[in-house]
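Novice: The lines below spell out each chain.
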Amino acid sequence: MNKPLNGADTVSRAEVEDLLYGEADLLDSWKLDEWLTLLTEDAVYYVPPNDKPDSDHRTTLFTIADDIVRLRERVIRLKDPNCHAEYPPSRTRRLITNVRITGVDGDTVTAAANFAVYRYRRGEPAREFVGHYRYRLRRVGGVLRIAERRAILDAHELGPMGSVSFIL
Amino acid sequence: MSQLHAANGSSPGRPLVIESRENLSFVVSREVFVSREIFEREQRAVFDRCWIYLGHVSEVKNPGDYRTRWVAGRPLIFCRDRNGEIHALINSCRHRGAVVCREREGNARNFYCMYHGWTYNTDGSLRGVPDESSYPPGFDKASKGLTPAPRLEAYKDFYFVNFDRDAVDLDTYLAGAKAYIDLVVDQSPSGRMEIISGVQEYDIKANWKLLVENSVDDYHLLATHATWLQYMRNSGVNMSPPKGSGLLLPTEGRGVDLGNGHLTTDNPNYRGRPVARWISIYGEEAKADIDAIRTELVERLGEARAARIADTNRNLAIFPNLVINDGSSVTVRHFTPVAPDLMHVTAWALGPVEETEEQRARRLHAFLTFYGPGGFATPDDVTALECAQAGYASWREVPWNDLSRGMTKDDDKQSNTDEGHLRVFWRRWGALMETHA
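In order, the protein sequence lines correspond to chains A and B.
Using the numbering used here, the letters of the first sequence correspond one by one to residues 1 to 168.
Using the numbering used here, the letters of the second sequence correspond one by one to residues 1001 to 1437.
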């Protein structure tokens, strides 16, 4: 671990893992309203472009760069049968591993994890989304919540993954 | 009546595009989306003869800058040599063919073939050959540079290549599309737009011609983009057509024939534009800044031209495979056919070089609301195209697509929700295919 973990005693990897695994379960189950309750009131969600994984959404065109307003609208859209790209909803399965706490600063915890997300649609080959997450978590009223989630894909282009129409 | 016949095809003599003005009918054979033979033929008839988009000058700003990309089925290097000249070099070693540049982009002193070590200068000339003395006396290094694309020309910083040495010049080719490119370029006070960092590259499992149609077809908005319309409403933007207007959308636009198969929509804007048309999604704090952009436009170009730029949005399709959507943001999108039922799509955002960080951030935010593989609209377009492609498996039983909307009206009266502009594409495609029957 590079950074000194001041206050590391306030958060354990197990607590972070519980949050991430619980989140994965809600997303795979399409319990999106419940998923929103895991987020802070100012949460943001990013999928950087495949060619510039370390860039800033204010100066670089991302695949997804949602503030909390658009993120809530994304959930409204995903629950609508007129969200054609996700109707019927894809079946997804997330495997989350290599969970690490990368920093602690007061109430804020940064964490990283690897992911493999399999997306299945009827009559289509599986689409695999592989990469890593970077999370910024914040303790709100004693509970660890997601203030930022960044899903960084390893592939050089989206290519056969097509759209990122579900929440990655 | 004009009919196009697919000679040498799996179904010889079958017409592909049939237009009948007297019967007010226009149909396209669904075979054009599934046939391997037609796919191969259009590579020669369309992609080897038309001007195909390569890239934008802002992508190769400095001497030595390069981008590698696939254009018309060929690997190309789009680069600026050490003396500042721009090239389109075929990325294939003259010795035994390996690509000599394997990175997406960068700045190079030279291009080095990893197979046998031949080295090329950034202008394509052959610089070094290991153990040159073993070649016969007639071996001429000067004639063994990387092969340039036969033609390379630019309009307002947009570079195109043509693999037909005898093609008309780009300026003539673009015809009426130039005026619509100008409406985009004029958004920059200095007339300089730039491709913004970050590229969206995704596949659509559908025939490439479906994306031409989809990019300019405003008839599909209500059904395909119901959730986007709902998002806009939720955000306080009025998306309802005026009462009693009979319109599908808040304003009535036009579908315009620009010549040579190019076409555009041209719509009074209702959905906001980072160039000088505020909507609630931008936030109250953006109002003053948007006003300032508008003031600059008016001072530089006059009221009428400023309004033309700021208050209309236009989806421009440059035949065959470049789309510039000047809508919620500006996107430059081109697509490469890979198989009858598969295309690679590449999309960028375009913005004025002078933009402040705040303006750039607003432009990018607006872009992602609609466009791109994570946007609120494009994924549903992808699904629509893939659904259509799936349906075409039954092309023998259900052979025709209907494109007759608006045919009772004159060609210059076609609205954006008619199909007059789609027919422009198909007529051009059909004519080119006919010459290579």
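A couple of the hints might just be wrong.
[As the list claims (entries may be wrong)] Residues of chain B placed beyond 12 Å of chain A at every Cβ, according to the derived structure:
(1) 1018
(2) 1034
(3) 1136
(4) 1176
(5) 1195
(6) 1197
(7) 1201
(8) 1203
(9) 1219
(10) 1244
(11) 1365
(12) 1368
(13) 1380
(14) 1399
(15) 1427
[As the list claims (entries may be wrong)] Cross-link-like lysine-lysine pairs, in silico, DSS-like; alpha carbons within 27 Å at most:
(16) 1178(B) <-> 52(A)
(17) 1178(B) <-> 1156(B)
(18) 31(A) <-> 79(A)
(19) 1178(B) <-> 1413(B)
(20) 1144(B) <-> 1409(B)
(21) 79(A) <-> 1205(B)
(22) 1061(B) <-> 1243(B)
(23) 1243(B) <-> 1141(B)
(24) 52(A) <-> 1061(B)
If you are wondering where the hints come from, they were derived from the structure by calculation, not from laboratory data.
Heads up, the beta-carbon is just placed ideally off N, CA and C, and yes, glycines get one too.
Novice: Would the hint linking residue 1061(B) and residue 1243(B) be met if the CA-CA limit is 27 Å?
Specialist: Given that 27 Å is the threshold and the Cα spacing comes to 51 Å, the pair is violated.
Novice: Far enough from chain A: is every CB of that chain over 12 Å from the CB of residue 1197(B)?
Specialist: Non-interface label fails for residue 1197(B): nearest chain A Cβ at 4 Å, not farther than 12 Å.
Novice: Grab the minimum beta-carbon distance between residue 1427(B) and chain A and tell me whether it stays above 12 Å.
Specialist: 30 Å, holds
Novice: Far enough from chain A: is every CB of that chain over 12 Å from the CB of residue 1176(B)?
Specialist: Since the minimum Cβ distance to chain A is about 29 Å, residue 1176(B) lies beyond 12 Å and the statement holds.
Novice: Compute the least Cβ-Cβ separation between residue 1018(B) and chain A, then decide whether it is above 12 Å.
Specialist: Consistent with the label, residue 1018(B) stays out of reach of chain A, its closest Cβ about 30 Å off (over 12 Å).
Novice: Just want to verify: residue 1219(B) was marked as not at the interface with chain A; is every Cβ pair farther apart than 12 Å?
Specialist: 16 Å, holds
Novice: Is it the case that residue 1368(B) keeps its Cβ farther than 12 Å from each residue Cβ in chain A?
Specialist: Answer for residue 1368(B): violated, closest chain A Cβ roughly 6 Å.
Novice: Is the claim that residue 1365(B) lies outside the interface with chain A correct, judged by CB distances over 12 Å?
Specialist: 7 Å, violated
Novice: Decide if the proposed pair is consistent with the structure: residue 79(A) and residue 1205(B), CA atoms, cutoff 27 Å inclusive.
Specialist: 25 Å, holds
Novice: Is residue 1203(B) truly not at the interface, in the sense that its beta carbon sits beyond 12 Å from all beta carbons of chain A?
Specialist: 5 Å, violated
Novice: Quick one, are residue 31(A) and residue 79(A) close enough, alpha carbons at most 27 Å?
Specialist: 10 Å, holds
Novice: Mind verifying the non-interface call on residue 1195(B)? Its CB should be farther than 12 Å from each CB in chain A.
Specialist: 9 Å, violated
Hint compliance for this structure: hints 5, 6, 7, 8, 11, 12, 13, 16, 20, 22 and 23 are not met, and every other hint is.
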